[in-house]
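Participant: Listed below, chain by chain, are the residues.
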Amino acid sequence: MNHQEIKDLLPLYVLGGLDKESVDTVEHHLAESCDSCTVELREWREVTGLIPLGFMPTSPSATVKERLMARVRQDLGAKVVSLRPRRWRPSWVAIPLAAAAAVLVAIGGLRYQEAVSRYQEAIRRADEESERATVVASLLEQEQNKVANRETEIKQLNTRLVEQQVAVAEKSQAAAQLEATLAEQRRLVAMREQELVQVQRASTALKQELERLRSLGGGKRVEVAAYERQIAELRNALTGQREVVASREHELGELRKALEQQTTLVQASSREVEQLRDALARQRGIIEVLTSPGLRVGYLHRAKVGLGTQGHVLWNEQKKAWLFYAFGMPQPPAGKEYQVWFMTEREGPVSAGLFIPDQTGTGHVLAAPPSKLFGRITAAAVTLEPAGGLPKPSGEMYLRGSL
Amino acid sequence: MAEEKSEGQQVANDPADTPEETTDLEQRARLVRNALEDLSADQRIALELSFFRGLTHIEIAEQLNEPLGTVKTRIRSAMLKLRERLRPLLSSNS
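Protein chains in written order, with numbering that gives the first Met the number 0: chain A, 0 to 402; chain B, 0 to 93.
A hint or two may mislead.
What the hints assert, rightly or not - Dumping the calculated DSSO-like pairs for lysine-lysine here, alpha-carbon to alpha-carbon at most 27 Å:
id, chain 1, residue 1, chain 2, residue 2
1, A, Lys-335, A, Lys-6
2, A, Lys-318, A, Lys-6
3, A, Lys-6, B, Lys-80
4, A, Lys-319, A, Lys-145
5, A, Lys-6, A, Lys-19
6, A, Lys-145, A, Lys-170
7, A, Lys-145, A, Lys-318
8, B, Lys-80, A, Lys-318
9, B, Lys-80, A, Lys-19
Think of the hints as simulated: they come from the structure by calculation, not from any bench.
Note that the structure is a prediction, hence the values are computed from the model and not measured.
Input sequences plus hints: build the corresponding full structure.
Facilitator: Following this line, the structure appears as structure tokens:
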């Protein structure tokens, strides 16, 4: 088979359904790293990944539903009226199936009853698909709500942060002012101290003079008394000044402590904002996985009788990301956690992450498997393991499903 | 066939699909839905049996009582048509 013939097989290859020999030919060709075919294959994978999106439930008006069903009834005849689907499904399922039945009857190759049973089968299948779409839509809604909540939290935190920063600025300014006053007071104290020293010196000189005069008799006594009064006054003033300085220093100390606390608060708030932003980015990642082309859904079923558990695996080849959801999980005993596994043929089970379900029994893991595993994961499972997980499963299996 | 197309358009213009209710996701979904509705009935049946039922082409040919080559051609043209219509959603487009 030449390159062009193989290229023509690619859209059939991505859907599956080619015979073994053709699959081998295609894979052999791709393994020879044909770049143009690899690019083309990726595009075809995206196209197939988009097909389930055509099943996203919208809410058609009753008249549209009625019109569709009238058409189905008309095409299949009165006998199958009782086969009306229990609920609405995408229009393109109803129309082609009706048409299909009509075509088959016209061909005459199949019996009428066979057409009816195929229609029933298709309804069952469409129900499954519509359920699958509902799962994706409801998960998406949950994730979007989480983003909205995170955004509100960040907004509130930012307001608080600004308030705290303003408070820090105010306190810093007050501290600077206080410091300036304190410097002035200290200068005054120094001046007074100097004055005191001078007066004391003068007083000592006078006292010596007095001693000398006393031996000569009276005279300077009045002058000495005046100096001594001046010394006493200066001492008083100095004591007052020192008290003022001490109280200002205390005030400054308090202010510095408050400033430190405020700064710590600002740092804590900044960290919190940072963490919330991270969480928001993760949440946006999840939404991106859920809304990008190439989303596939797989089901995990309970592995143990009597458990009301189930799980969904959603993966997006384009985004190279996996989302795992589990519902109805019992709370694990102390020291245990649930571990999610990707099953591959070559490596066996590979850990995809750990979770502890919330009060509602919902567990959640976002994983990006190593790129070498991508496209080779055939199944997923959940087991109960010691907290922190193990490299290979050892505990009881709770969920499993092939993908 | 022409009748079916007009039905598809009526669905798209239904008053329930007011623009303020549509999200990006819904727009994508609608594009895919419309693309699928634009396939011929034969193409849709073959694609459906392959994609959702996971039947091999040989099984589909048996079910439809048609030659294998016809079935393959049909699925291939369905996929080519889908790729053309979904081009705006593909990453190679952005």
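Participant: Against each hint, give a clear statement of whether it holds in the structure.
Facilitator: Hint check results:
At roughly 50 Å between alpha-carbon atoms, Lys-335(A) and Lys-6(A) are farther apart than 27 Å, so this suggested pair is violated. Distance restraint check for Lys-318(A) and Lys-6(A): the Cα-Cα separation of roughly 24 Å lies within the 27 Å cut-off, and the hinted pair is therefore satisfied. A distance of roughly 16 Å separates the Cα atoms of Lys-6(A) and Lys-80(B); the hinted pair therefore holds under the 27 Å criterion. Between Lys-319(A) and Lys-145(A) the alpha-carbon distance is near 22 Å, which keeps this suggested pair within the 27 Å criterion.
A threshold of 27 Å between alpha carbons decides the hint, and for Lys-6(A) with Lys-19(A) the separation of about 17 Å falls inside it, so the pair holds. Proximity of Lys-145(A) to Lys-170(A) is assessed by CA-CA distance (about 37 Å); at most 27 Å being required, the pair is judged violated. Restraint check: the Cα-Cα separation between Lys-145(A) and Lys-318(A) comes to about 21 Å, which is no more than 27 Å; the hinted pair holds. Of the supplied pair hints, the one linking Lys-80(B) and Lys-318(A) holds, its CA atoms being roughly 24 Å apart against a limit of 27 Å.
Taking the CA atoms of Lys-80(B) and Lys-19(A), the gap is about 26 Å. The hint holds against a cut of 27 Å.
The structure fails hints 1 and 6 (numbered hints given earlier, in ascending order).
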